[in-house]
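Respectively, the protein sequence lines represent chains A and B. Just so you know, the first sequence maps onto residues 188 to 800 in my numbering. Just so you know, the second sequence maps onto residues 3 to 236 in my numbering.
Worth flagging that the hints you see were computed from the coordinates, not collected in a lab. One thing to keep in mind: the hints can contain errors.
Below, a list of computed lysine-lysine pairs in the PhoX-like style, where the Cα atoms sit at most 25 Å apart [to be verified]: (1) K763(A) <-> K749(A); (2) K609(A) <-> K197(B); (3) K587(A) <-> K197(B).
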Amino acid sequence: MRNNRMFVFKAILWCVAGLAAAVAVLRFALGLGVATALSDTTPWGLWIGFDVMGGVALAAGGFVIAAAVHVFHRETYHAAARPAILTAFLGYGAVAVGLLFDLGLPWNIWHPMIFWNIHSPLFEVAWCVMLYLTVLALEVAPVILERTPFQKAYRFLSRLALPIMILGIMLSTLHQSSLGSLLLIMPFRIYPLWYTHLLPELFFISAICLGLNMVMFESSVTSWLYRREPETKMLGGLAKLASAALAFYFVVRIADLAYQHKLGLIFAGTWEGNLFILEMLLSTILPMVLYTLPAVRRSPTGLWLISMGSVLGFVLNRVNASGLSQIWATRSFYFPAWTEFAISLGIVSACGLIFFFVQEHFPVDPHGLNDIEEQRELADKSSPAFAPFTQVWLGEGWRKSARVYSICFVVAMALGLTLAPKTEPAVTRKADRARGANVLRVGDGPRYVYFDHKRHQDEAGKEKSCGTCHHLHLAGDVGTPCSECHRRLFVPTNVFDHDRHVERAGGRESCAKCHGPGEPQSLTVVKTCQDCHQKDMMAAGNTVVTAFKNPSAASYKDAMHKMCIPCHVTKAADPKVNLPNLGRCGACHDSGTQSEKAYKTEVPPGQEGIGRT
Amino acid sequence: MESFLTFCRGPLLLLAFSVFFLGAARQVALTFVELGRAYRRAGDQAVNLKFIFKRSLGWIIPVNGLRGTRWVYTAASVVFHAGMLLVPLFLAGHIELIRKGVGLAWPSLGPGAADALTLATMAALLALFVLRVASRASRFLSTFQDWFLLALCMAAFLTGYGVAHPLANPLPFTFVYIVHLLSAELLLVLVPFSKLGHVILFPLTRASWEMGWHFVPGAGDRIRIALGKEGEPV
Numbered sequence: 188m189r190n191n192r193m194f195v196f197k198a199i200l201w202c203v204a205g206l207a208a209a210v211a212v213l214r215f216a217l218g219l220g221v222a223t224a225l226s227d228t229t230p231w232g233l234w235i236g237f238d239v240m241g242g243v244a245l246a247a248g249g250f251v252i253a254a255a256v257h258v259f260h261r262e263t264y265h266a267a268a269r270p271a272i273l274t275a276f277l278g279y280g281a282v283a284v285g286l287l288f289d290l291g292l293p294w295n296i297w298h299p300m301i302f303w304n305i306h307s308p309l310f311e312v313a314w315c316v317m318l319y320l321t322v323l324a325l326e327v328a329p330v331i332l333e334r335t336p337f338q339k340a341y342r343f344l345s346r347l348a349l350p351i352m353i354l355g356i357m358l359s360t361l362h363q364s365s366l367g368s369l370l371l372i373m374p375f376r377i378y379p380l381w382y383t384h385l386l387p388e389l390f391f392i393s394a395i396c397l398g399l400n401m402v403m404f405e406s407s408v409t410s411w412l413y414r415r416e417p418e419t420k421m422l423g424g425l426a427k428l429a430s431a432a433l434a435f436y437f438v439v440r441i442a443d444l445a446y447q448h449k450l451g452l453i454f455a456g457t458w459e460g461n462l463f464i465l466e467m468l469l470s471t472i473l474p475m476v477l478y479t480l481p482a483v484r485r486s487p488t489g490l491w492l493i494s495m496g497s498v499l500g501f502v503l504n505r506v507n508a509s510g511l512s513q514i515w516a517t518r519s520f521y522f523p524a525w526t527e528f529a530i531s532l533g534i535v536s537a538c539g540l541i542f543f544f545v546q547e548h549f550p551v552d553p554h555g556l557n558d559i560e561e562q563r564e565l566a567d568k569s570s571p572a573f574a575p576f577t578q579v580w581l582g583e584g585w586r587k588s589a590r591v592y593s594i595c596f597v598v599a600m601a602l603g604l605t606l607a608p609k610t611e612p613a614v615t616r617k618a619d620r621a622r623g624a625n626v627l628r629v630g631d632g633p634r635y636v637y638f639d640h641k642r643h644q645d646e647a648g649k650e651k652s653c654g655t656c657h658h659l660h661l662a663g664d665v666g667t668p669c670s671e672c673h674r675r676l677f678v679p680t681n682v683f684d685h686d687r688h689v690e691r692a693g694g695r696e697s698c699a700k701c702h703g704p705g706e707p708q709s710l711t712v713v714k715t716c717q718d719c720h721q722k723d724m725m726a727a728g729n730t731v732v733t734a735f736k737n738p739s740a741a742s743y744k745d746a747m748h749k750m751c752i753p754c755h756v757t758k759a760a761d762p763k764v765n766l767p768n769l770g771r772c773g774a775c776h777d778s779g780t781q782s783e784k785a786y787k788t789e790v791p792p793g794q795e796g797i798g799r800t
Numbered sequence: 003m004e005s006f007l008t009f010c011r012g013p014l015l016l017l018a019f020s021v022f023f024l025g026a027a028r029q030v031a032l033t034f035v036e037l038g039r040a041y042r043r044a045g046d047q048a049v050n051l052k053f054i055f056k057r058s059l060g061w062i063i064p065v066n067g068l069r070g071t072r073w074v075y076t077a078a079s080v081v082f083h084a085g086m087l088l089v090p091l092f093l094a095g096h097i098e099l100i101r102k103g104v105g106l107a108w109p110s111l112g113p114g115a116a117d118a119l120t121l122a123t124m125a126a127l128l129a130l131f132v133l134r135v136a137s138r139a140s141r142f143l144s145t146f147q148d149w150f151l152l153a154l155c156m157a158a159f160l161t162g163y164g165v166a167h168p169l170a171n172p173l174p175f176t177f178v179y180i181v182h183l184l185s186a187e188l189l190l191v192l193v194p195f196s197k198l199g200h201v202i203l204f205p206l207t208r209a210s211w212e213m214g215w216h217f218v219p220g221a222g223d224r225i226r227i228a229l230g231k232e233g234e235p236v
């Protein structure tokens, strides 16, 4: 009898992998703009939040179980050790592949090996991933080599197992926490409920909780798929451990929030507060409480459901910290394109398929293998089948499955190639993608001004209104961001590169081309930019800014104030607009006094004092 | 109608080509797997590749068939295959379509030659149909796909001629164009999943055939068991 459950599950995985393969082709052939909904304001999307952050977290089972078995000598969990390490290896492989997709220049992925930036947390992350992936490969290798002719290599690696294992635990500890350190540089972007100086420690502790849950989830799922007796005793023990670890995590996290006087934010009723409650309930509170009940620990279905919830909750934690909790600061709503989901799910599917393949062909699980071999023998003896349309002999056993799986893959990939977008969506014009399109940065500090680009565009007259504000462009550009010329906050910037113009115009003999023959060669006697750049820079006719003779751009503050305030004041006085506060400082700034803040509701309560000057 | 035509020329064509190429790759890969398995189980592992190559060539060049009893069928078949290969690949319109899509181009047939080949192919198709109906043995051996694929090829060529000669075509041009695209796309899609597979697999067919001769005596007994026809003469 064939295991239909497994067969259907694998067929679905092959379909998803096929879809992802098609998207992968287009992503590498046509670039990120086509395959993702990412922008300069939201450069981290699903691939970082789920694939990298979540992938690393999901791989935590490897080091947790390795530590339990080999350091603390809990032999009960020995059966889970090899699957857990295999999962960790595949998880980290997924991280590397996911990162390859997300990097704008993926062929530079090796750069951290040569070009050391020792001040960057990303440097630590890169090295940890590389080293730990190597260590995991060495840990998995004996499983593969055990029943092959390469016995010498197998014995060598087996003898090295303990030092490698300890190295793996060390690197994992470093890496889980360094993902937290990575987020420490964004105190003004991450919502206060997630931002804390304890991020590295919290990431590490939650990785332990997640690791235990992941091992339980994985063990339950494989038992169900292979129709095996679930290892209830081991799962019960893990549940107890997980409950204790979750309680510790819960206490640390809540105590940290209390210490920072942020507890009020949880129940503020904001989107972020509710997200936090959902995350904590799913990942921590529910499993922590339910795992203490003996009835739950004895029920395979219960453990399966709760551990899945906890795993999802912790992945949500990673997605929150690296993405969703930043929306309040960037004010740019990002929802992943379906192609991004396809890649993420495809990587997971590929990992699942490799996991099952290794599980079925190598002694990953000493109990499981016999069952699986038995099943394979049964499948080989089963009656043959022919394709209904062509009457082609479908073969038997795995070759028959291979025919079905390859059809799934091929059809899904063809569909993916057809459906996936081939051109960048029209809305991601340069103006909308420009950094700070929704948040105008003020200087280098945490100060910013919320600026709804689309709303201003709509108010001013949509597509044709660009020139109202974008009065001058870099040559050949459209919608050049303000900060390109108004580079400094309080000091004007000279934006005219005289040397370059002299060089391009033909050296010393060319003065007269701009300054006119016989005229004194000064700033006051010269052509304007538009005299030459009529085509590639915007004409001055339809803009609110008209003085271009001076090659120095006003300071950012002056430029913005002169640009925005007149319009805002006029609109505020207009009873039809009905926004009397529009002309006041607080309409744009939220870094000022309390009276200014009164006009802004978007600032989350409790945010005062964080990074504000 | 027009938007459906655009859909047929755009996404649907891409889908057909994707299925065709990916499906073809899949068939080749699976055939190699099967060949390897057959080779490992064969008693006599001295396989004569040169002989396989010669045989493959021999089956392409229809000298033997033309000397046989059904030489008309062979002749019609050769004409049909020549038209089937040359017209779709070397028609100026098709090349232009591909050049617009992916930027590749190659020399094309002149319009006169293309027309002549198309008409010859349709005549050959008719002859193949008549000969298949006329012979009792052929009729008995034919399955649904044998009839269906003949009709599909005919539809593709007939509508193709209609598209190339809009003035000689009594039906609405867009309709004929859509039928042409749909039938051709269906043909492409069916290549990896029907007897049309020989388009890709014919170099491997002789190899699998040859492998059969290398099995140990009595190897066929298991086939009888597998087919559930034990005790019956095969």
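Quick rundown of the hints versus the structure:
no.: 1; hint: K763(A) <-> K749(A); verdict: 23 Å, holds
no.: 2; hint: K609(A) <-> K197(B); verdict: 33 Å, violated
no.: 3; hint: K587(A) <-> K197(B); verdict: 19 Å, holds
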